[in-house]
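Engineer: The residues making up each chain are set out below.
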Amino acid sequence: MRLTAASKLLVIILTLLVWASWPAARGDSFDDAGVLLAGKYPEIEQGVALLAASGDPAAASALQALSAGQLLIGPDKALYIESDDGTLVTARDGAKIEGERPAGLKPVKVNNRIRRAIEAAMGQLTLLSSDPAQRARAASSLFDNPDPAQLAMVDGALRQESDPAIKLLLEQARAAILLATPETTDDDKLAAIEVLAARGDQKAKVLLSNAAATGSTSVADAANAALAKIERSLALWSAAQSVYYGVSLGSVLLLAAIGLAITFGVMGVINMAHGEMVMLGAYTTFVVQEVIRTSAPGLFDYSLLIATPLAFLVSGLFGVAIERSIIRFLYGRPLETLLATFGLSLVLQQGVRSIFGPTNREVGNPSWMSGSVDVGGLALTYNRLWIILFSIAVFVLLIVLLRKTMLGLQMRAVTQNRRMAASMGIRTDWVDSMTFGLGSGVAGIAGVALSQIDNVSPNLGQSYVIDSFMVVVFGGVGNLWGTLVGAVSLGIANKLLEPVAGAVLGKIAVLVLLVLFIQRRPRGLFPVKGRAVET
Amino acid sequence: MIAERLGLLRGVIAAVVVLAIGLAVAMLSVLPPDSALHVPGYVVTLTGKYLCYALLALSVDLVWGYVGILSLGHGAFFALGGYAMGMYLMRQIGTRGVYGDPILPDFMVFLNWQELPWYWYGFDNFLFAALMIVLVPGALAFVFGYLAFRSRVTGVYLSIITQALTYALMLAFFRNDMGFGGNNGLTDFKDLLGFNLQSNATRAGLVTASAVALAAFLLACRHLTRSRFGKVLIAIRDAEGRTRFLGYRVERYKLAVFTFSAVMAGIAGALYVPQIGIINPGEFEPANSIEAVVWVAVGGRGTLIGAVIGAVLVNFAKTVLTGAFPEIWLFVLGGLFVIVTLFMPRGLIGLWASVARRWHRPEPTTRVPALKPMEAGE
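Same order as they appear, the protein sequences are chains X and G.
Numbering-wise, the first sequence is residues 253 to 787 according to my numbering.
Numbering-wise, the second sequence is residues -8 to 369 according to my numbering.
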């Protein structure tokens, strides 16, 4: 124990010495280290510290080699690194030793204690690396494990640093170290608290609460004030994060429900197989990716672009077939429609299960959909962002289709007054088929998006169908804008309740609230007004 | 007049048949195993299961066939009754559980719970449990129905919120914190009222009890639907608005029947659990409730007997098919939904009635109520 303390002190002194004589010490560190490395373990440890303090990039590779047992030392205390294929280079400048090996080379002894020392030392070394990314990493790791022994090192690095971002990280690391050192003066501590308060994340909170518990009254007060401030801003960010998750969930719900808003909302057909249309879209994506994988791997990043129209077609055609063969016989009998389409959903599920197997199928994310971007305290994942954009695009397209095209006009005409529309020469059957096909096709498109964030299994659709109905009913039947508002507000409500009540209870709470809401306003948030209500 | 009496007679015959089957299976199962007439244990369990399903179907038929309320959440009442029974059975295990705790069921010991949650109090008493079997589903149906019918939620909307109800309950019961065994539910039961659940005699007794319950409710429902009260129910089904304008408090009728039907479903669940030996949150699954609806549709809605026949036939087919060709069962079930709604809107009973009519053309009777398509917007 005493030895440890003593050696630690020695390391500190040595480090300080080295720093004091910077940069003159640089050239000598390898010679001095060589002397130490030839000795026993405690001396080797000091040698490691010495090398670390040099800040020389060559020292880093030497230390790495030492950790791997590939650092050799000659009788003249010169250091060599032996690579895996047996070539030998000098540790100091990496010059290759051609021909005969110097005689009497011995590996430098290494044990776990030394390895630990090397690990810590690597942090210091990288602090002085010429690569900014490495410096930033080193500064963050110092912040995470503040070691009072490295204060001087950080100070030195701070003096050298020119990149403002890394400088900030270093200052934060310095503040963390200062707070972790009992001997720091209160003034320094107060300054450190300010730095940490500005950083304002969970880690800063931990350090600050330590300071509040151990420091003098003025320090504790400052730390507590800083904690309160951080708490407020964290709460704000986490609320913002919840809202983002909520919007993201809302966009998923919107995608799943918007097809239903057409088949159920506009046509009044209860399609319990709607979820299966979504599932078919997801499986279309899977098939497209499989084909690409086997025949044209280069196209993988475009797989979703290819899958989207295909999914629309597949689900749309299924929709038209269902409408022609089953649903048209059941118009005006919603409960029977519900049962028949539920049966159909069972058949479709089992069909997919028989063909593709009951297990989850792997659908990959294209490269442009993976990763995330940080905005302030928010982490925005690309796939969610894309889905939000995608659902907005689908929504806008549908609105335009309903408002501005001939098909849309005819659809609205048939919904508002079927007989009158028929008298005006609209082929109402055909419009029914197209409308149902459109709703199903949009569900297929939703499947493409859902395949990116959910498991592609035969049960994929089932989990969305109840939610989708809730969204449509909540928003008000026959109103696409209501569906949008319904989806987003349900999504946000779900995610805001989640941290309070837990995921499952939150969902239950939302369901119960919805059921109560339907009691109050049976026709939803934005009921359709006028004659259409009566029919 | 004659037709009326014939109809009543038919109800009695059906009840007697149900009783006879139940009793026969029960008696034959307690014969010594080497006897030629011995019925093996699994047949007893299957019969009991079918009878319970038939009771569930009956409860669905009462609200759907006679009042036009398509409940997609009756499975929830069934499961709640089952859970109430399961809780009683759990308390009966006592020290015979794996952990041997005299009070706490195994899963609570496993979750490190120190004491029994308050809602488990009293379930060691059979009478209390029996009361809960009736009260819990009944109260839920009452509150839910009160809210729904008062604000005139009808048709498809009602179907969807009943489905949401059972879905929400399923999510809730899957949680370990709820104190109902979470994922695994309640199982490993030992005895009921002191009778060992594994013994043939107890199983025979349970089948008999199920048959008695089914027969009794069959008669009760027949009586109910043939009374003045029942006529109002049918009026509500066929023209809710008109019935209301005639001065009937439609909500009250609906609420009464819905609650009664939920109690029936709860009792069915309570009889089901000791025979099957397990109750878990899967019973709340929305698909189960819809399956019960299709039993009724296959048999013929609004006929009571049809519900029983449909439940037994569909479940028998399920037992056979899932055993022989598990792949095609869902195709068959799904196909049933489609075929029944498209081609047999009055189910097997309706089919049989029209075939019989073609055979010997008597004067047209009103035995099978003519089903009109429901009006959606009312």
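Since the hints were derived computationally from the structure, they do not count as laboratory data.
For every residue, glycine included, the Cβ atom is placed at its ideal position computed from N, Cα and C.
Check each hint, because a few of them may be wrong.
Said to hold, decoys possible - For each label pair, taking beta carbons as the anchor points, the in silico distance ranges come out as: (1) X:SER622 - G:ASN174: 28 to 34 angstroms; (2) X:TRP620 - G:ARG141: 51 to 57 angstroms; (3) G:LYS222 - X:THR680: 54 to 60 angstroms; (4) G:ASP168 - X:ALA487: 22 to 28 angstroms; (5) X:ASP553 - G:TRP109: 55 to 61 angstroms; (6) G:GLU318 - X:ARG580: 40 to 46 angstroms; (7) X:LEU551 - G:GLY326: 38 to 44 angstroms; (8) X:ALA573 - G:ASP168: 57 to 63 angstroms.
Stated by the list, open to error - Derived list of chain G stretches under chain X, where covered just means 3 residues or more per stretch with a C-beta under 8 angstroms from a C-beta of chain X: (9) 139 to 147; (10) 151 to 158; (11) 163 to 176; (12) 300 to 314.
Engineer: Run every hint past the structure and note whether it holds.
Structural biologist: For each hint, the structure was consulted:
About 32 angstroms separates the C-beta atoms of SER622 of chain X and ASN174 of chain G, a value consistent with the hinted range of 28 to 34 angstroms. Taking 51 to 57 angstroms as the suggested C-beta distance range, the pair TRP620 of chain X and ARG141 of chain G conforms, at roughly 52 angstroms. Between LYS222 of chain G and THR680 of chain X the C-beta distance comes to about 38 angstroms, which lies outside the given range of 54 to 60 angstroms. In this structure the supplied range 22 to 28 angstroms holds for ASP168 of chain G paired with ALA487 of chain X, their Cβ-Cβ distance being about 25 angstroms.
Checked against the hint of 55 to 61 angstroms, the C-beta distance between ASP553 of chain X and TRP109 of chain G comes to roughly 58 angstroms, which is consistent with it. Between GLU318 of chain G and ARG580 of chain X the C-beta distance comes to about 30 angstroms, which lies outside the given range of 40 to 46 angstroms. In this structure the hint that LEU551 of chain X and GLY326 of chain G lie 38 to 44 angstroms apart at CB holds, the actual value being about 39 angstroms. Taking the beta carbon of each, ALA573 of chain X and ASP168 of chain G are about 46 angstroms apart, not inside 57 to 63 angstroms as hinted.
For the region 139 to 147 of chain G, the stated coverage by chain X holds: 7 residues have a C-beta nearer than 8 angstroms to a C-beta of that chain, and at least 3 were required. Given as covered by chain X, the region 151 to 158 of chain G passes the check, having 6 residues with a CB less than 8 angstroms from a CB of that chain where 3 are the minimum. Counting residues of the region 163 to 176 of chain G whose CB lies closer than 8 angstroms to any CB of chain X gives 3, so the stated coverage by that chain holds, three being the minimum. For a cut-off of 8 angstroms, the count of residues in the region 300 to 314 of chain G with a CB near a CB of chain X stands at 0, and the three-residue condition is violated.
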